[in-house]
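**Student:** Taken in sequence, the protein lines are chains U and P. So in the working numbering, spot 60 of the first sequence is number 60, and the numbers just go up one at a time. So in the working numbering, spot 71 of the second sequence is number 160, and the numbers just go up one at a time.
Everything labelled a hint here was simulated from the structure, so no lab data went into it. Only a predicted model underlies this, so the values are computations on that prediction, with no experimental measurement involved. Be careful, since some hints might not be right.
Now the stretches of chain P that chain U is said to cover, found in silico as 3 or more residues with beta-carbon under 8 Å [claimed, not checked]: (1) 234-248; (2) 258-270.
Using 20 Å as the maximum straight-line C-alpha spacing, the simulated DMTMM-like pairs for lysine to aspartate or glutamate come out as follows [unchecked claim]: (3) 6/U <-> 27/U; (4) 109/P <-> 27/U; (5) 66/U <-> 96/P.
C-beta atoms are modelled at their ideal positions from N, C-alpha and C, and glycine is treated no differently.
Now for the letters of each chain:
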Amino acid sequence: MKLDCKHVWEYISEYIDKTVDAELRKDIELHLEHCEICSAVLDSTRNILILTADDRTFELPVGYSKRLHERLKEEIEKSKQEPPGGGQK
Amino acid sequence: MRMTGTDEAGLIARIVAGEKEVFHELIRPYERMVYLTLFAIVKNETEAEDGAQEAVISAYRHLSSFRGDAKFSTWLTTIAINEGRKRLRKAKGAAENSIEEEEGHEGAYTPTPLTDWREIPLEALERKELRDALRVAVAELPDIYRQVFVLRDLQEQTIEETAQALGINPGAVKVRLHRARMMLQKRLVPFLKTTAPARRGFFGRAL
C-alpha cells in the first residue's frame, strides 16, 4: 500500500520501537526511501531518544547518592533495634 | 548494567533473612531511576530527592512483601510513582485528582518536518544547549505524557513494564508515548534551525 506522510508520522513511534507488523514496516520503508521529510522526522525523533537516554542529559543532583545511602544507613540501623516484624506493615 | 533476576532474587533473600546492609547493594543500580521517576512527577529537584529517599526507605521497609511475581524494578517504580503522586497531591491540595486527564485531543500532534536534522546529528547531540532544551521540553510535557516518556525512553523500561507501573494498559502507553515523542520533536526542531539553510516558499513569511 502506498502511504502518505501523515500516515507514516502516525506510526513513527511504533516503527522506532519495532512494533509495527512486517507489511506496514515494508510500506513505511518504501515511503522513507523517497521522502526526505519523513526521513528527517524519523531521524530527528530518533536523535531525541538517543539524547534522552544519554546520562548527561538528565543528571542527578550532586551528592544525591551519598545522601541517599546515609539516610538508608540510618534506617537500617533503626530497623535493627526493632523486634523482627515490628513496626512494619 | 542491571543485575540479572537471579542475582537480584539472591540479594533480596539475604536481606529478608536479616543481612539488611545488602539493601545498599540492591538499590544502587536503581538510584537514578528512582530519582528520575520522582522528578518526572514533582518536577522539582529538592522534592524529587526527598521523595526518592522516601521511596527507597519505603521499599526497604516493605521488601518482605515483594513477591517476585513482578520484576523488582517495576515494583520499585510503582513505589516511586506513588510517592511522587502523594507529594503532588499534597502540593496542589485536594484539587489534584486529575492525573488521568485529557486523553482527548486527537491527531493534533504532527511532527515538524525539517530535512536538516539529518546532516548534523552527531555534533548536535554533543551540544549542551540541546540537552538543556530537551530537559526543559520534557519537564513541560503534560503529566500523563511525561510520565510515560520518562519510564519508557529515559529509563528504557518496556511498554509492558511502563503500563504495569502506571496502572494503565499497554495501548495507552503506546499512544501517550507517541504523542510525547512528537511533542518533543516539535519543540526541539527550532533549536537546530540556526544551522539550517533558510526555507523558502509559503511558509517563509510565517517563520
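**Student:** Does each hint fit the structure? Answer for all of them.
**Tutor:** Against the structure, the hints:
Coverage of the region 234-248 of chain P by chain U holds. Counting CB-CB distances below 8 Å, 5 residues qualify, and the rule asks for three or more. With a cut-off of 8 Å between beta carbons, the region 258-270 of chain P has 4 residues touching chain U; three or more are needed, and the interface restraint holds. A hinted pair counts as satisfied when its Cα atoms are at most 20 Å apart, and residue 6/U with residue 27/U qualifies at roughly 13 Å. For a cut-off of 20 Å, the pair hint linking residue 109/P to residue 27/U is broken: about 55 Å separates their Cα positions.
A distance of roughly 24 Å separates the Cα atoms of residue 66/U and residue 96/P; the hinted pair therefore is violated under the 20 Å criterion.
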